[in-house]
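Engineer: Fit chain L to the given chain W structure using the hints.
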Amino acid sequence: MLKYLARRLAATLMVITLVSMSVFLIFDVLPMDPARLTCGKGCSPAVIEANRHRLGLDVPVQVQYGRFVKGLFVDRQYGDGAAAFSCPAPAFGYSFNRHECVTTLIADALPVTFSLAIGAFFLWLLIGISLGVIAAKRQGKWQDKASTAFVLFGISLPTFISGILILLMALKFRLIDPIEMGRWVSPFESPIGWAKNFIFPWLTLALAFAATYTRFTRSNVLETSSEDYIRTARAKGLSEKVVLRKHILRAALAPILTIAGLDFAGLLGGAIITENIFNLPGLGRLSIRAVLNDYDLPVIVATTLLAATFVVVMNLLVDIAYAYIDPRVRVA
Amino acid sequence: MSGSRMAKRHLSRRLIATTAATALIAAGVLAGTASSANAASVRTGGTLYFITHAEQFDHVDPARVYTGRDIAFFNSYLFRNLVSYKPVKGAAGASLVPDLATNTGVPSNAAKTWKFTLRKGATWEDGSAVTCQDVKYGVSRPFATDVITDGPQYLVGALDIPLAADGSSTYKGPYKKTGQDGFNKAVSCKGSTITFKLNRSFADFNYALTYPAGAPVKASKDSGDKYDLRPYSNGPYKIKSYKVGDQMHLVRNKKWAKKSDTVRTPYPDDIVVRFGLAEEVRDQIILNDQIPNTINLDGLQPANNRAYFAKAEYADQRMNVYDPYVRYYAMNVSAGKLDCLDVRKAVFFAVNTQALIDLSGGSVFYGDPGDSPIKPVLGLDYAPTTGNIHDPAWDINGAPAKSKSLLAAAKTSCPTTYDKATNPAKGLTMDLAQSATNQKASVLIKQAMENAGIVMKFNFIPSGQYYSTVLDDTKQNDLSTVGWGADWANASTVIPPLFIKEGGFDLTQNWKVPEYAAFKTKSDSALNETNRAKQAKMWQELAQYAMDQYWIARPVFSKQQFSWGSKVGGVFYWEPQGTFGFGGLYVKR
Chain W
14 MLKYLARRLA ATLMVITLVS MSVFLIFDVL PMDPARLTCG KGCSPAVIEA
64 NRHRLGLDVP VQVQYGRFVK GLFVDRQYGD GAAAFSCPAP AFGYSFNRHE
114 CVTTLIADAL PVTFSLAIGA FFLWLLIGIS LGVIAAKRQG KWQDKASTAF
164 VLFGISLPTF ISGILILLMA LKFRLIDPIE MGRWVSPFES PIGWAKNFIF
214 PWLTLALAFA ATYTRFTRSN VLETSSEDYI RTARAKGLSE KVVLRKHILR
264 AALAPILTIA GLDFAGLLGG AIITENIFNL PGLGRLSIRA VLNDYDLPVI
314 VATTLLAATF VVVMNLLVDI AYAYIDPRVR VA
Chain L
499 MSGSRMAKRH LSRRLIATTA ATALIAAGVL AGTASSANAA SVRTGGTLYF
549 ITHAEQFDHV DPARVYTGRD IAFFNSYLFR NLVSYKPVKG AAGASLVPDL
599 ATNTGVPSNA AKTWKFTLRK GATWEDGSAV TCQDVKYGVS RPFATDVITD
649 GPQYLVGALD IPLAADGSST YKGPYKKTGQ DGFNKAVSCK GSTITFKLNR
699 SFADFNYALT YPAGAPVKAS KDSGDKYDLR PYSNGPYKIK SYKVGDQMHL
749 VRNKKWAKKS DTVRTPYPDD IVVRFGLAEE VRDQIILNDQ IPNTINLDGL
799 QPANNRAYFA KAEYADQRMN VYDPYVRYYA MNVSAGKLDC LDVRKAVFFA
849 VNTQALIDLS GGSVFYGDPG DSPIKPVLGL DYAPTTGNIH DPAWDINGAP
899 AKSKSLLAAA KTSCPTTYDK ATNPAKGLTM DLAQSATNQK ASVLIKQAME
949 NAGIVMKFNF IPSGQYYSTV LDDTKQNDLS TVGWGADWAN ASTVIPPLFI
999 KEGGFDLTQN WKVPEYAAFK TKSDSALNET NRAKQAKMWQ ELAQYAMDQY
1049 WIARPVFSKQ QFSWGSKVGG VFYWEPQGTF GFGGLYVKR
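Those protein sequences? They're chains W and L, same order as listed.
My numbering applies: residue 14 is where the first sequence begins, and numbers increase by one.
My numbering applies: residue 499 is where the second sequence begins, and numbers increase by one.
One chain only, chain W, in its complex shape:
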């Protein structure tokens, strides 16, 4: 098991390293010049070059990458003379557009994205599993038909439409304060204020995911219900509630929770659309603005790397869990 763990851990580190190198290379070969882009109008070649130096782009890409990796372990220095400053390790870089160390930006954005993801996660599991079980148990009846309609509605409605619709409704009925909307409130300071800020984004995300999970749950429950051991359990005289809780759901939900874990990890990288619609200053908004508005390479690298890390680590955890449950996986 230890050997397996070491192998998987090494592979995970390799993937993360490759992702970071790829991001650097992609942005190096693209026909853009951040030094000119952030120079403003009417800037001379000398100013552009000074800007290139400031951004740390006046050295080959491998040196830039080396500096990035080094910064993860030791403080990173920026600027010269009286204007010099540093970002403490682990330093993902410095955003000259936002005038902050990228680690600070991520530390600010992460609680927002985590809050959004965790609330939506529980909401979609609650709705998706409940509706899926009800639909399976009432197969062919109006409850099943209603859940199918919900699934169709949820899946076919893109988040950017459902989000805007939910937002407009909330604005129309004055359920949210548009000026305060999206401002970060810590759950430790004001749990109600925190939940109030996230309720509509949670609904938006949960709507899309719950539909999928309803479908998964329904089919898994139906499939498991037809297994021989379920028939045996019923034949033993167990009540339908016990059969459902102890036998059907335990088997039917295992693969769903695996998928849910990966979906959750994906969301931790940032729910770009939802965060933008509801003005939430999370990782998704941070990264998309860095790409579209500022071409802020340090932020792009860090958020991409972080998103990849969440997915890879969650994959690792799932694999470890599987290896723990099923010894054949370790051999493979």
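Please keep in mind that the hints were generated in silico from the structure rather than gathered at the bench.
Be aware that one or more of the hints could be misleading.
Footprint (simulated), chain W over chain L, 3 or more residues, beta carbon under 8 Å [to be verified]: (1) 548 to 556; (2) 638 to 648; (3) 669 to 682; (4) 737 to 747.
Built from N, CA and C at the ideal position, the CB exists for glycine as well.
Structural biologist: Showing chain L alone in chain W's frame:
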């Protein structure tokens, strides 16, 4: 009647008259004072909100603030300059008034030397006096081009400091202090008088000092790059908090004294700028007057804009004005591109200007066809040109017949360019920023060009990288869509930037053609001209020449719209900045 009695009566009459007049004046003054005090007290207080989809102000550091809106905002609330634009509506708003200085500057030595004396009583947030050294330090910061980016470079280019071999200044700013002696000679303080020595005659140098880049900075508070988040104030407000993507909160600067400031009228107690609002949220706030003490810093989305301007009840909550910009297609006249005058003219006449204006909101919201790179709002420097849109053959819907006749002439005068423009395998290429509107515009342009027999292709560039691409002369194609607005009311901030290589925004690449040398000589002469009327005439002639050479196509004098809530008072359009007169805004009670 004795002379003495006469004198006495006369004296008495004079005394009565004088006493009566004094009483009247006193009453008037008292009444006036009372009424203006009442008006001020009615306007004072409350929280004024600004909303925007943007994540942040482009810059807050005075040396880096460059857009008209941000200059107007920060100059009204945080930064005081030596001189300022008069905060009134109409053309009078473009006139200069003393701000930190006691006058608008005293030029000498053919406007190569400028002196300003600081008034007493101006203070920083901590109550310390604003000194001449603070102004000098503020002016020195734009030279640190490795720290201070994005800001205007007028002072860097104008101060009489030796240049290095690569054309940059030998002074590298206050952080490295390299070349400090050179700077100290160009900018010097004697008591409260600051003297600027320039490398050329610069008759409108004081206009350049309306930029915050010429504002004082307290050296001990300078935090380099991070100063862009928390500059130190000497205006009526100071920054309580500022977080990118969240909000900026301004509160009253209690150390600011009204008696030291004849320009600003700070009415609200608090000013909050909310960033990053989804466009739909921002629009709904305005469309429903949901937060009445709010000002929209952006335009509304096109459909919402039309709906808002159609509502009669919002007549007092909107403005539709000409902005400072001229939008046009820059024609790349370098060899192998649009190097043939006849082909350039053919392109100019082929464009369906009406369709393109309609696409962007029509003449009501987008603007009108222009005839010059200089906009009429510049007043003195604008004169209607001849030719181009005034040519009898020009048609706002496109004049394909005229274009075809010009192409026929080009077939003989410049066969290679003619072939490029008409050969389906080659064709002309236009640079466009990637956007839904530009995608639609490309269809209209292609159709109009096809009607005239011109083959047009398109190079869509991601909007964030557009200018960095087209400003690279090796990457720019035959035509590029651009816009430019004057930095102040003088075409010295239009003609040289747009048509002189060193101006930094010359997308015609005209420095590669023989006519350029004479054009540059005349432009340099105009820059050095101290007689304003003569200078204006020279700019008009240079604009006419640029139009005669068809260096630009489809100029449009564009418009912009502003919107705000029902509880916002004192709104006016501040012409020189092309935005709100922020200083006059108040929350209605």
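Engineer: Please go over all the hints and tell whether each is borne out by the structure.
Structural biologist: Against the structure, the hints come out as follows:
1. 548 to 556: holds (count 3)
2. 638 to 648: It holds, with 6 qualifying residues against the three required.
3. 669 to 682: holds (count 4)
4. 737 to 747: holds (count 4)
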